[in-house]
Every structure is written in C-alpha cells, then in structure tokens.
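Make a model of the complete structure from these sequences and hints.
Going down the list, the sequences are from chains A and B.
Letter 64 of the first sequence, counting from 1, is numbered 64 in this note's numbering, and no numbers are missing.
Letter 93 of the second sequence, counting from 1, is numbered 93 in this note's numbering, and no numbers are missing.
Please keep in mind that the hints were generated in silico from the structure rather than gathered at the bench.
Here a beta-carbon is modelled for each residue, glycine too, at the ideal position from N, C-alpha and C.
Among the hints, a few may not be true.
Simulated DEER-style distance windows between Cβ atoms [stated by the list, open to error]:
id, chain 1, residue 1, chain 2, residue 2, range
1, A, D7, B, T14, 50 to 56 angstroms
2, A, E59, B, A108, 20 to 26 angstroms
3, A, Y36, B, R138, 25 to 31 angstroms
4, B, R112, A, D34, 29 to 35 angstroms
5, A, T14, B, E81, 24 to 30 angstroms
One side only, chain B facing chain A, incomplete, derived with CB under 7 angstroms [unchecked claim]:
id, residue
6, V23
7, D27
8, A31
9, R38
10, Y51
11, F67
12, E71
13, E81
14, R83
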Amino acid sequence: MSDLATDIDSAVRTVLEEHGRLAVDVASLDAEADLYAAGLTSHASVNVMLALEDAFDVEFPERMLKKATFGSIGSIAAAIAEIQDES
Amino acid sequence: MTTPTLQPQRAASTSVLVGVDLVRVQDVADAVAAFGSRYLDRVYTPAEQAYAEAEPRVRAERLAARFAAKEAVVKVLRPAEQRPEWTSIEVVRDLAGGCDVHLSGLAAELARDAGITGLAVSLTHDGDNAAATVVALRGGAPGLSQLREAAQRATDDALPASEPKGTS
Numbered sequence: 001m002s003d004l005a006t007d008i009d010s011a012v013r014t015v016l017e018e019h020g021r022l023a024v025d026v027a028s029l030d031a032e033a034d035l036y037a038a039g040l041t042s043h044a045s046v047n048v049m050l051a052l053e054d055a056f057d058v059e060f061p062e063r064m065l066k067k068a069t070f071g072s073i074g075s076i077a078a079a080i081a082e083i084q085d086e087s
Numbered sequence: 001m002t003t004p005t006l007q008p009q010r011a012a013s014t015s016v017l018v019g020v021d022l023v024r025v026q027d028v029a030d031a032v033a034a035f036g037s038r039y040l041d042r043v044y045t046p047a048e049q050a051y052a053e054a055e056p057r058v059r060a061e062r063l064a065a066r067f068a069a070k071e072a073v074v075k076v077l078r079p080a081e082q083r084p085e086w087t088s089i090e091v092v093r094d095l096a097g098g099c100d101v102h103l104s105g106l107a108a109e110l111a112r113d114a115g116i117t118g119l120a121v122s123l124t125h126d127g128d129n130a131a132a133t134v135v136a137l138r139g140g141a142p143g144l145s146q147l148r149e150a151a152q153r154a155t156d157d158a159l160p161a162s163e164p165k166g167t168s
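Written out as structure tokens, the structure is:
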C-alpha cells in the first residue's frame with residue numbers, strides 16, 4: 001500500500017470510529033470487511049459521508065450515493081481516491 | 001348448508017411492496033449538532049425542515065421519522081445501483097392530518113420503472129425511536145386508503161402499543 005493509500009485508509013478509519021457507531025472495534029476490521037454487517041446503519045452512513053467530506057475537502061457526487069460505496073473501508077477509500085483524482 | 005368463504009379479490013398483475021425503517025432520535029439530534037445545515041440540506045427538503053422546526057420540542061423526532069420514511073421508500077424502490085438523493089423523497093402533510101410521500105428525480109424514475117402506481121406512508125415516534133412504513137402498489141389501480149391503513153397497522157406494530165405515540 002502506498003503512503004497516500006495508507007493515509008486515506010487511516011483517515012477513513014478515524015471517521016468511522018467517530019461517526020460510524022459500529023458494533024465492533026474499527027481497528028479490528030479488515031479493509032474489505034462488510035461495514036453494514038459490522039453495524040453501520042443507513043443514518044450513520046450519512047454522518048460518515050459528511051465527515052469524510054470534511055476530512056478530505058471533497059463532495060460525494062450523486063453517482064456514488066449507493067450502498068456499495070460505503071460497504072467497506074476499502075470501497076470508501078477507493079471512492080475518495082477517485083474523487084480526488086477527478087478534482 | 002355450506003358456509004360461504006370470502007376470498008380476497010386480487011388482480012393477477014397487482015402486487016404490494018412494503019418497506020419499514022427504524023431510526024434512533026438521538027442519532028438525528030447528534031447529526032444536526034455535528035453537521036448543522038450541511039446535514040439538514042443534504043437529507044431534508046426546505047418544507048420538511050420547516051415542519052420540524054415549527055415544533056422545536058419534537059424537532060429531532062420529526063426529522064428522524066422523515067429519515068425513516070425516506071429509507072423505507074428506498075427499500076421499496078430497491079435501487080440496483082445509485083440510490084436516490086434523500087431530498088428526492090419528500091414527506092408532506094396532507095389536509096386530513098396524515099402524511100403523503102412525493103417522489104422526484106431518480107426516486108420518481110425508479111418508481112415508474114418498477115410500475116408503482118400508489119404509495120402510502122405512516123410515521124410514528126416513541127421515546128428514543130422513530131419509525132416509518134411505506135406501502136407501494138405495483139400495477140392495477142391505486143387504492144390509497146387501503147394502502148394507508150396497511151401502512152398505519154404495520155407502523156403501529158413496529159413500536160410498543162402500550163405507550164402513547166407522538167405526532168410525526
């Protein structure tokens with residue numbers, strides 16, 4: 001994993017710890033672990049999205065408003081990287 | 001003598017879809033405190049915000065019930081890919097004191113593509129929780145009053161019956 005990818009992964013985990021209200025310790029989750037199975041609710045995913053926008057100074061486009069985008073730490077990190085590449 | 005039996009009349013091409021969602025009121029209050037207007041404007045229409053703010057004592061409850069309604073609608077629409085924006089699903093008060101749900105944008109497209117001809121919503125909140133049930137009729141002629149009754153029954157069943165329920 002590159003330094004940039006590591007930074008994104010770390011920041012995503014921090015946001016999830018603060019806003020995800022997960023039933024498990026975020027640090028214990030694999031990057032591909034199912035966040036919904038870990039307790040992420042639809043309402044908490046809104047908070048996570050807004051907190052990610054603050055943390056990375058980005059805005060999630062409509063096309064990324066799908067359940068799969070917030071399905072894992074890896075999918076969130078990939079979405080952030082994609083938004084950053086486009087801007 | 002044979003006893004007549006009543007059979008529900010049902011058109012072969014008609015089906016009913018049901019969505020239900022439960023939201024913690026405190027989670028909504030926390031989101032408003034943390035993100036303010038960014039959260040409100042992303043999720044709720046101006047009319048929904050105005051209705052909630054008209055009664056500050058139950059503002060979070062009203063918002064939570066509306067969020068539950070939006071998610072219940074999404075469960076009915078079952079988007080395969082992109083989900084509708086939250087503001088494209090709007091809960092509005094009707095003249096009789098109940099609630100209706102209005103769709104626009106992608107939500108309206110998904111409903112049309114799914115053949116949904118009628119939609120009814122029922123909201124409730126009680127203590128820490130708010131809930132909503134959405135009943136959709138797919139195909140056939142919409143029987144709105146029947147859908148509303150079905151949504152109300154399902155929502156009443158979602159929360160304890162022994163305690164009073166708030167006005168959503």
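Outcome of the hint check:
| no. | hint | result |
| --- | --- | --- |
| 1 | A/D7 with B/T14: 50 to 56 angstroms | holds, 54 angstroms |
| 2 | A/E59 with B/A108: 20 to 26 angstroms | holds, 23 angstroms |
| 3 | A/Y36 with B/R138: 25 to 31 angstroms | holds, 26 angstroms |
| 4 | B/R112 with A/D34: 29 to 35 angstroms | holds, 32 angstroms |
| 5 | A/T14 with B/E81: 24 to 30 angstroms | holds, 29 angstroms |
| 6 | V23 | holds, 6 angstroms |
| 7 | D27 | holds, 5 angstroms |
| 8 | A31 | holds, 5 angstroms |
| 9 | R38 | holds, 6 angstroms |
| 10 | Y51 | violated, 19 angstroms |
| 11 | F67 | holds, 6 angstroms |
| 12 | E71 | holds, 5 angstroms |
| 13 | E81 | holds, 6 angstroms |
| 14 | R83 | holds, 5 angstroms |
Figure legend: structure checked against the earlier numbered hints; the only hint not met is number 10.
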